[in-house]
Amino acid sequence: MQRGYARYVLAVMVGINFLNYLDRYILPAVATKVQAEFHLTDSQVGLLGSAFLLVYAVSTIPFGLWADRGVRKTVVAVGVTIWSFATLFTGLARNYLQLFSARAVMGIGEASYYPAGTALLGDYFKKEGRGRAMSIWAAGTAVGIAVGFAGGGIVASRFGWRVAFYMTAVPGLIFGLLAFRLREPLRGAAEAQGPRTQAAAVITWRTMVRLLRIPTLRATIAAETALFFVLGGAAFWLPTYLSRRFGLGTGAAGTLAGGVLVIGLLAGSLLGGTIADRLTRVRRSASNLQVGIAGFLAGAVFVALALLMPSLVLFIPMFLLGGASLYLYNGPYTAVKQNVVLPTVRATAVTVALLIEHLLGDSYAPWAIGKVSDALHDLRLALLILLPPLLLLAALLAATGLRHEEPDGQAMETRWAEALTTP
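Numbering (the working numbering), first residue to last: 74 to 496.
It should be emphasised that the hints constitute simulated quantities derived from the structure, not laboratory data. Predicted model, so just to flag it, every value in this text is computed and none were measured. All C-beta atoms in this analysis are idealised placements derived from N, C-alpha and C, irrespective of residue type, glycine included. It is possible that part of the hints are untrue.
Straight-line distance between alpha carbons at most 25 Å, and here's what the computed SDA-like set of lysine to any residue pairs gives [as the list claims (entries may be wrong)]:
1) K106 - T147
2) K106 - P462
3) K106 - A124
4) K444 - I458
5) K444 - P462
Derived DEER-like restraints, expressed as beta-carbon distance ranges [what the hints assert, rightly or not]:
6) R283 - Q108: 42 to 48 Å
7) Y78 - V131: 30 to 36 Å
8) T114 - R279: 29 to 35 Å
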């Protein structure tokens, strides 16, 4: 596969990933305006977020299976088109049921992208550069969150909240066409040994269970589940925390929250992949997992310090360092999922991971933090009690895979190479 075309594919995937997160975070940014227009309670607004996350988690299964059996670029293109129309219909909604339905359908569309997109990129980039490619791809997440938080609020304040959704739907349809026109790489095309094929394994529930028996994959999923609770809870409650703790207005709190989260995400994602790839070239053993573990431990310290800071001036740098530390995992752990499973089941491996991580991680994090905050009458204390300990747990869970990362990767390479001689 030509390097220049691989970079073009990466650019398209980054653009789609940007829109993926942009569309998600517009609603939180304009929630107060939506709530006022439809006269919604807080629980009804929260249910819109839950509708997306729960449908998203469940929908990863059929899309992951389709991605491993079918043409992955088509899966991506169909998914982008679905969520772009859902974004458009969110802006067109005239009652709560229509709004709820649009957000649920959006979850269906966005569920297609991560399994198919990462599997597609996994066959465009070799193992030595896969971590960096995945980190660049993940950078689209950071920019999407920033524009969703800040841009969505600005557009809504000037032109109305519906316009914010209209403006993001059109680029999504364009990128859907670009994705459809991509070349589909052969499965295993970027592997050093083994067949290059358009065929994928026949996926069953037994296959999914077998994937969870891979120690490195199991450790990665467990660690990310704990981490997702922290990331999902922090993203949801940070604007509220800034308003309550430091007296910021809604607009300023949203913009600052988006900026802090995104700068940390962008810095951590890019740095993590670069570090992991360099370590992999020097020594193969557990480089990807080690980068994430270091980030979880440092993040626990910085997040705790940030929550203890008495002023905004001191809070911002501590939280930035915490966010950057946490997102060191992003590229390396995405690469791990590609490195330890056969190319024919990579999308399914990602599907299993997403299902577990969202159902047991971020889908209920905002609600759980809110319940603890209500019980203690203190949001800061709730965040302190839940977030740092869960980051320590994430590090511990990831550490259970340290001695398995290299042998699991070698086992995959051996099995794929053996497929050359298998009729």
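Do the hints match the structure? See the list:
Proposed proximity of K106 and T147 is contradicted: the alpha carbons are some 36 Å apart, above 25 Å. With a CA separation close to 35 Å, the supplied pair K106 and P462 exceeds the 25 Å bound. The hinted pair formed by K106 and A124 meets the criterion: a straight-line CA distance of about 19 Å does not exceed 25 Å. The hinted pair formed by K444 and I458 meets the criterion: a straight-line CA distance of about 12 Å does not exceed 25 Å.
Simply put, K444 and P462 have alpha-carbon atoms about 17 Å apart, close enough for the 25 Å limit, and the pair holds. Checked against the hint of 42 to 48 Å, the C-beta distance between R283 and Q108 comes to roughly 46 Å, which is consistent with it. For Y78 and V131, the hinted distance range of 30 to 36 Å is satisfied, since their beta carbons lie about 34 Å from each other. For T114 and R279, the hinted distance range of 29 to 35 Å is not satisfied, since their beta carbons lie about 44 Å from each other.
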